[in-house]
Structures are given as C-alpha cells and as structure tokens.
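Undergrad: Listed below are the residues making up each chain.
Protein chains: 2
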Amino acid sequence: MELKFVKRDVLKEKPTDETKLGFGRIFTDYMLMMKRDGERGWYSAQIEPYGDLQLSPAALVLHYAQEVFEGMKAYKTDDGRVLMFRPWDNIKRLATSAERICMAPFDQEFVLNSLYELIKMEKDWIPTSPGTSLYIRPTYIGVDPFVGVQPAKEYLLYVILSPVGAYYASGLSPVQIYVESKYVRAVKGGTGHHKTGGNYAASLLAGEKAHEKGYDQVLWLDGKENKYVEEVGSMNIFFKIKGELVTPMLAGSILPGITRASIIELAKDMGIPVTERRISMEEIYEASLDGSLEEVFGSGTAAVVSPVGELIWEDKHIIVNGGKMGETTQKLYDTLTGIQYGRIPDKFGWTVEVK
Amino acid sequence: MELKFVKRDVLKEKPTDETKLGFGRIFTDYMLMMKRDGERGWYSAQIEPYGDLQLSPAALVLHYAQEVFEGMKAYKTDDGRVLMFRPWDNIKRLATSAERICMAPFDQEFVLNSLYELIKMEKDWIPTSPGTSLYIRPTYIGVDPFVGVQPAKEYLLYVILSPVGAYYASGLSPVQIYVESKYVRAVKGGTGHHKTGGNYAASLLAGEKAHEKGYDQVLWLDGKENKYVEEVGSMNIFFKIKGELVTPMLAGSILPGITRASIIELAKDMGIPVTERRISMEEIYEASLDGSLEEVFGSGTAAVVSPVGELIWEDKHIIVNGGKMGETTQKLYDTLTGIQYGRIPDKFGWTVEVK
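Here the protein sequences come in this chain order: C and X. For what it's worth, full-length UniProt numbering labels the leading residue of the first sequence as 1, then goes sequentially. For what it's worth, full-length UniProt numbering labels the leading residue of the second sequence as 1, then goes sequentially.
If you're looking for bench data, these hints aren't it; they were derived computationally from the structure. Remember, predicted model here, so these are calculated numbers, not experimental data. Ideal Cβ placement from N, Cα and C applies to all residues, glycine included. Hints are supplied without guarantee of correctness; some may be wrong.
To be verified - Far from chain X, some chain C residues (derived; all Cβ distances over 10 Å): (1) 5; (2) 58; (3) 81; (4) 104; (5) 110; (6) 185; (7) 186; (8) 272.
Claimed, not checked - Chain X stretches covered by chain C per the calculated footprint, using a threshold of three residues with CB under 8 Å from any CB of chain C: (9) 20–26; (10) 73–82; (11) 97–110; (12) 130–142; (13) 177–188.
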C-alpha cells in the first residue's frame with residue numbers, strides 16, 4: 001500500500017507558551033489515517049488534515065467497544081534531533097491488543113514507517129522545554145454500521161499527535177495511592193493485559209472515588225482474592241524491598257508495560273536485583289512495619305517513573321521513605337529520561353532517530 | 001428541555017420483503033439525539049434524520065470506551081396497535097450502567113417520553129410478519145476531544161431503530177452452547193452486571209472460537225473459580241432440574257436481564273418453583289447423568305426464550321431433553337411473546353401501548 005498525503009490549506013497556530021500545554025487537549029495539523037473493509041482489506045493510508053471522523057451511529061466501536069490504542073512519545077534532543085523510544089514495541093502491542101478482541105491484523109512495519117513519516121512532517125510541533133514531548137496516540141477501531149455482536153469487517157486505524165507539557169511541572173513529586181479493595185480492574189482470562197478501551201471505562205469509578213478522597217491514583221488488586229498487587233491506574237508498579245526491586249509478574253491481567261520492561265533491564269544493568277513475582281499487600285505492609293520497604297514507584301509512558309510517597313490500604317497508611325522520592329527511583333528516572341532525550345548514550349538500542 | 005423535530009427531505013424506502021430483514025442492518029428515517037456539555041448540562045434534544053455522527057478522533061468513547069447501551073423492541077399487534085415491553089426498565093438500566101462508568105445522569109422520564117415520540121413517528125417501520133419487530137437501540141457515549149483518562153463532560157445520548165426479522169426463521173430450534181473455561185467475561189467488582197461496551201469487546205474472541213467449533217454461543221463461568229455458571233453470550237440462562245427452575249443469582253457479574261426477571265415472575269405465576277442461586281457445571285453435569293436435568297433455555301431481548309439442546313463442557317457433551325425443546329420452555333416462550341404481541345392479556349403491567 002502506498003502512503004498518500006492530503007495537504008491542508010491553512011496550518012494551525014502552534015502553542016507559544018510551553019508551560020501551558022497540559023496533556024492531550026491540543027492536536028497537530030495532520031493525522032495518519034488507514035482504512036480497511038471486508039472486501040478490499042486495507043485499502044487506504046494517508047497523512048491528512050486532523051479533523052472529525054464521520055461515524056455511523058450504529059458503528060460497532062460505539063456499542064461494543066471494539067477499540068484498542070497505544071501511548072508513546074517523540075522527544076526533541078538539545079541538538080534538535082527527534083527521538084522515539086521503542087516505538088516498534090508499541091506497534092506490536094497494538095497488534096496484540098487488537099488480536100485479543102478479534103480485530104483484523106495490520107502490517108506493523110507499514111504502520112511504524114507511516115508513523116515516522118507523520119512525525120517528520122509534524123516535527124515543528126514537538127516542544128523543546130525540559131520534560132515536554134509530542135504525545136502519540138495510535139487508535140484502532142471497528143466501525144461497521146451494524147448492531148449485531150460480532151467482530152467488525154470495517155476498520156479505521158489512525159494516529160493523532162498532541163504536544164504535551166512536563167508531567168511534573170515542579171519537579172518529581174511523590175504521589176499518594178489508594179489501594180482499591182472493592183472494584184476490580186481485570187482478572188486472568190479477561191482483557192487486562194491488553195490496551196482495550198473497556199479496561200479504562202471500567203477503571204473510571206474507582207479513580208473518581210480515590211480523587212474525592214484526595215488521592216492521586218488507584219492501585220488495583222487481583223480479581224480473584226483481592227490480595228495481590230496488580231498495577232496502578234496508568235502505570236505498572238515497583239517496590240524496593242531490602243535492596244531488591246519487586247514488581248508483579250505478568251500473569252494475564254496486568255499490562256505488559258514497555259517502560260516496565262525497560263526499568264527491569266535498566267535496573268539489572270545497574271546491578272540492582274529485580275524479581276517479577278506475586279506480591280501481596282500484606283507483605284508490603286509488613287515490609288513497611290519492619291523497615292525493609294525502601295522505595296515504591298510507578299512506571300509508564302506518561303510519567304516515565306513516578307515516585308509513590310504513600311499507600312492507603314483499608315485503614316492503613318503506608319508511608320514510603322518518609323514520603324520522599326528514593327535514590328533508586330531518582331536514578332532510574334534520570335537514566336531513562338536521559339536516554340529518551342538523547343542526553344545519555346543508549347546502549348540498549350531503545351531509541352530511534354526520526355529523520 | 002423541549003424535544004425538537006428536524007424533518008428530512010426524502011424518506012427512505014421501507015423494506016418490502018420482511019423475510020429478509022435480518023438483524024440490525026437497516027435503520028429507519030429518524031433518530032433521537034440528545035446532547036450534553038460541561039457548562040450547559042443537557043442542552044439539546046431532537047428527533048432528527050438518521051445520519052452519521054461527527055466525532056473528534058480524540059473523542060473519549062473511541063479510546064476509553066465510555067459507552068453504554070440498551071436493547072429493546074416495539075411490537076405491532078394483529079389489530080395494528082404498537083406495544084413496548086417494560087421500556088422503563090431498560091431506560092433505568094441504561095442510567096445504572098452509565099453511573100458505573102461515571103457518565104452524567106439524565107432525566108429518565110424525558111428519555112422515555114422522547115422515545116415514545118420517536119416510535120410513534122416511525123411506527124410504519126414496524127414490521128408485521130410473525131416474530132418480527134422494531135429493534136430499539138438507546139446508546140450513550142462520552143465524546144470530549146481529550147485523551148486524558150477521565151470521565152467525559154460532553155455526551156451524546158441517542159436512539160436508533162432497526163426493523164428486525166424473526167429470530168427463529170423456521171421455528172424455535174435448540175442451540176448448542178460451548179462452556180468457556182479459559183476466557184472470562186466478568187468478575188465481581190468489574191462491569192459485568194452493566195451494559196457497558198467493553199463487556200462485549202471482551203466476549204468476541206470466545207464467541208468466535210465457539211463458532212469455529214460449530215457451536216452457537218458461549219456459556220461463561222465465574223471469573224474466580226471457573227466453576228459456576230454465569231450467563232450466555234447475549235442471554236441469561238435457566239435450568240429446569242426436578243421440576244424446579246434454577247438460574248444464577250445476580251451477584252455482581254451477571255447482567256440483570258429484563259427478560260430474566262419476567263421469566264422468573266411468569267414461571268412463579270404458573271406455579272413453577274424458581275430459585276436464584278449459585279449453580280456449578282459439575283451439578284448440571286451430574287443432573288444430566290441421573291436424568292434430573294429436564295430443560296435448559298436462555299432468556300434475552302433478541303430471542304426472548306431460546307432452548308438449549310446441548311452443552312459442551314470440556315470433553316463432556318451434555319444433551320438436554322434429547323436435544324429438543326422442552327414443554328416449560330415452549331410454554332414460557334408462548335406466554336411471554338403472547339404478552340409482547342398483545343395476543344395474551346398482560347396481567348403484569350409489563351406492556352405499554354404507544355399511541
């Protein structure tokens with residue numbers, strides 16, 4: 001398939017104040033749009049002006065949530081190059097997520113190369129202040145105008161771009177996390193280890209309740225016993241206990257985070273032991289009592305590494321490292337963002353320059 | 001709020017061959033469309049020409065599946081009246097589903113009355129052949145053009161209508177059901193007892209695998225122990241064991257079917273004992289071995305009552321009533337559809353004439 005280009009007549013004004021970018025509200029001039037139907041397969045791919053979709057009110061995605069997405073970023077280096085971080089892993093995960101809910105396969109290499117073209121085209125939209133980046137949202141939806149419950153034949157796969165501000169406007173500040181014991185995000189056999197839209201809808205209520213109580217995010221427990229740690233709202237989670245990093249193993253209900261995988265590799269490379277295993281809140285609570293719980297942090301595309309200052313579990317307040325960011329957390333954050341922004345040599349082969 | 005009307009210039013041609021209606025592919029001339037935003041609340045409601053929606057590619061519903069829906073029907077009686085079946089219960093459930101995923105509340109009475117107006121307007125679209133009806137699909141979606149994970153402020157609530165054929169074109173025929181032991185539909189604490197889009201996306205893969213093996217639908221087991229019966233793809237399920245009807249109790253992961261509730265009330269009225277309780281596949285298998293499993297059927301809006309002829313559980317084939325429809329199943333089907341089509345007096349107050 002050939003990637004076409006449709007020019008827009010008038011370009012938008014780019015934001016001038018990078019301190020006011022926020023997250024995900026401003027979109028660039030162009031988007032990548034690919035289309036598929038039942039007869040022709042993938043029949044159209046183009047970079048076209050960012051604009052509204054025309055969807056039937058019966059479109060499958062609006063009824064049965066046949067939708068998956070990814071989140072990734074493009075970074076501008078101090079010398080003006082454009083870097084992306086493991087984008088092939090995101091595109092691969094998009095394909096795996098799609099497969100779980102019976103969406104048509106797509107050519108991952110074609111999508112990745114088309115994405116590079118889009119980024120090149122929109123490189124002037126990448127902000128340059130510390131911590132800012134261009135957020136990239138590949139989205140894949142089933143759109144047949146048919147209200148029967150079945151996999152779609154017609155699809156749109158598109159990518160939109162949004163310049164985003166620094167996640168921590170005033171430096172990394174530890175978050176307070178509410179451990180959710182009533183609502184469940186996912187269970188083995190479900191869709192929890194994929195980026196399907198429904199997982200996020202299901203998470204909203206617990207998130208709102210945590211916000212009302214003044215906490216930043218929710219920590220989900222397993223759906224079977226409500227005992228074992230799974231993941232935080234939009235991040236995987238790591239505990240540093242007696243010098244070792246522990247993170248829940250991927251057992252079918254946790255998102256296989258690309259930042260998570262990078263942290264594991266990076267920590268091991270730094271000589272920090274890492275174990276992926278089942279870990280209960282009881283164990284974490286006991287480690288906090290005997291002083292062996294040293295640090296807690298989340299990992300994800302948005303914040304990269306996010307220190308956790310406090311966990312609230314039932315009536316227990318678990319204060320981590322006196323509510324301050326730990327040394328290992330800081331080191332992992334600095335190294336990973338250093339690689340992403342091209343300040344530190346990338347010996348892992350994670351970054352790619354888009355040029 | 002006032003319900004407005006926007007006329008379309010040219011009406012569509014109505015289908016002439018009612019044997020070819022199928023399900024959910026043909027839509028009528030008009031739809032009900034209500035809009036809400038963060039400042040004004042619900043600010044617009046109108047009956048307008050059926051047509052495409054304009055949605056931002058960033059619209060929340062396309063990423064985080066903030067979407068709920070309902071399925072209901074309008075029936076034409078032999079003497080030309082239009083009946084609906086417990087529509088207030090569907091609208092109430094739409095509101096409950098919406099609440100579970102943090103969607104804004106709406107005026108249920110206003111929606112119900114507006115729906116009646118739409119049905120009146122489109123009554124000539126209701127087919128009249130035996131078993132046909134007008135399928136009604138209320139849909140509620142969050143549409144903010146913002147890719148942060150949070151509840152929407154902007155919403156569309158709309159209702160589309162589709163004339164549908166008889167579910168069983170050649171008489172009620174028992175279905176073969178595959179008992180799913182690997183994939184899980186829902187777990188307590190999740191969204192399984194609500195009509196959120198994500199539940200349906202999560203169900204597609206198991207459904208496809210069952211179809212490939214030649215079975216009609218999937219029977220879901222509980223997400224914790226994979227032992228207890230929950231519901232069928234698009235139906236609740238009933239077992240007749242030693243003269244008693246048994247159906248899984250509503251314990252947080254099963255959809256509270258309106259047909260289910262009606263069957264329970266109807267059966268009790270007929271003098272058939274009904275128990276809502278936990279029931280395992282082991283118990284059903286044993287009942288089939290000792291001959292006490294008399295009948296199995298599903299209940300839902302689409303098929304009303306659907307006889308089950310065979311359950312396939314691991315390597316066991318459980319043949320129900322020699323693969324034929326049972327007497328109680330037939331009686332419940334005849335009575336319930338009789339009430340819905342106005343052939344049998346409705347002593348329960350379930351039907352409403354739209355006039």
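Undergrad: Tell me the hint numbers this structure goes against, listed in increasing order.
TA: Hints 2, 6, 7, 10 contradicted; others consistent.
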